[in-house]
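Enquirer: Take a look at the letters that make up each chain.
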Amino acid sequence: MKEQEARGNALSAAQVAHVAKLARLEVAPGRIEEYRTQLAAVLAHIAKLDAVDIAGTEPMAHPFESSNRLDDDEPVEGLPIEAILRNAPAAEGRFLAVPKVLAEGD
Amino acid sequence: MQHADLTALRDAIATGAASAEAACAAMLDAADRLNPVLNAYHETFRDHALAEARAVDADARAGRPLPPLAGVPVAVKDNIATVLGHTTCSSRMLGNYRSPFDASAVERLRSAGAVTIGKTNLDEFAMGSSGEHCHWGPVRNPWDTARVPGGSSAGSAAAVAAGLCAAAIGSDTGGSIRQPASLCGIVGLKPTYGRVSRWGLVAFGSSLDQVGPMTRSVRDAALMLDCMSGLDARDSTTADRPATALAATVERPVEGLRVGIPRQYVSGANDPEVNAAVQAAADAYRAMGATIVEADLPLTDVGISTYYVIAPAEASSNLARYDGIRYGHRAQLRPGEDLFTLYARSRSEGFGPEVQRRIMLGTYMLSSGYYDAFYKRALQVRRRIKEEFDRAFAECDVLLGPTAPTPAFGFGANADPLAMYLCDVYTVNTNIAGICGVSLPAGHAVRDGKHLPIGVQLQANAFEEDRLLRAARMLERAFAERNAKARPAVSA
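Quick mapping for you: the protein sequence lines, in order, are chains A and B.
So for the first sequence, the working numbering puts the first residue at 1; every next one is plus one.
So for the second sequence, the working numbering puts the first residue at 107; every next one is plus one.
Here chain A stands alone, though its shape is the one from the complex (with noise of 0.2 angstroms):
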């Protein structure tokens, strides 16, 4: 049924809003409708991919079939904490500082 959906490029305002939210993107409401008409446009030429013969092939997620590498088991210096924390977008000592988002007594 969803790939129904998806391949009718029946895309609505709701799915997306609820894609904004699953990628923690705040859209106004102003600009959703413009979102989904670009969305839609690419999702219906992509629709392209139904005309391809794809039976018994197996999906490639990476160009080259390899294993994974082993390094040997030997401690090596990370980053030192100065480096890291002279991005970020606020420090308090040898810490991030983040709002607080908790209410008093959660």
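The set of hints was computed from the structure by calculation and includes no laboratory data.
No incorrect hints appear here.
A short, non-exhaustive set of chain B residues, derived as facing chain A with CB atoms under 10 angstroms:
#1 F207
#2 S342
#3 S422
#4 A450
#5 E455
#6 G540
#7 I541
Just so you have them, the derived chain A footprint on chain B, three or more residues with Cβ under 8 angstroms:
#8 403-410
#9 434-441
#10 478-488
#11 520-527
Some chain B residues close to chain A (C-beta under 8 angstroms, calculated; not the full set):
#12 Y203
#13 P206
#14 G430
#15 L448
#16 R453
#17 M466
Quick caveat, the model's predicted, so the values are computed rather than measured.
Each residue gets a CB set at the ideal place from its N, CA and C atoms; glycine is no exception.
Put chain B on the given structure of chain A with help from the hints.
Expert: Frame of chain A; chain B shown alone:
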């Protein structure tokens, strides 16, 4: 020396015929003068670059042995990490980001003696084909500043074309090195996936991304790849192969070369002068004794569809790390607003519209219930595309075709996102299959009284860069006169 290629400059520095410091200063001066027009650089490193160049001159005078890139100024796309300056990805999200480390490719170029001259602008997070989607303003094409340089490695292409560096590096996820190289009249090489370490390249589509050279000649591309390639323990997807040694063989023509021309590449949708350039290339190869064979790549047309599933899916996952907590832009919260709002507002303020569009596209296609219909199917088509290339390469050594369907277009000409995506129809499948491809200049079209470069693309199978660049060098030699007919309007 500003329009000599990197190899010639390197040789002149080594023999004392040119000063590295003077060459570097001339390029920095040109950048100061022309960057207000071209916007190729986000920043340049004058003091650092001149000091390094001076040290090379001292070594050369003292007769000390010099590394292969000693003293040549190289520009770095701003999504490749450098300790020097910033690494912004041309995004507000990383506007103040300073990398604590150099990318592997940068580290290797530096140890080969290259001087990092500056960081170049790009379409934000490497998403775009025009150089228009840059938080620091659009990049302009040195051949006609009313037109785009292509993208996403827009600033690197413009800087090389205008003589603001000896060579540059870019990244190519679906054509981002080759398409701007084509539109700016330079050489752009997308190496085989796994040739060059991605460590320190800001991740976009991890199974597609490659770092590669953007240069004024084929031999420069060979030399640059020799200095950057090879196994890197910090990127488990680098191929377990030694660094390439292409510069030693690039002048040697390929005997019995078989050039395949996919019938799908010479399309009526292309600009007629683009098709004519491909035809001229075929004629030149034939005159050099190569065999021209017709190839068949029926899945060419579904490349864009496949790419716009895989790349946004990988991007939505890779860009999830930008949450406003540890680094990058953080939005201000009003009292009572929650953690979700902190994430969402930081991301929406930090990312531009094209990046948000692709994140949403990828998120949608990976969301519950849609995965099989989009992502899994695209990965199945991906294997079919790779198999199709394998069949084609059984009959020929390289594939010849256009790099882009048209020469440089005007600002705003592809404002519709899908129209912009279709510019990459001839380049995305190289990344999807993980093979290598190079764009090189093939003459000019004249529009509005301005000469605009046309590029042709050669592709070869995985790890066949030696044959690829030797074949490219043959064509470069044959096209020397054709390409010498015009020079960029804005140039050092």
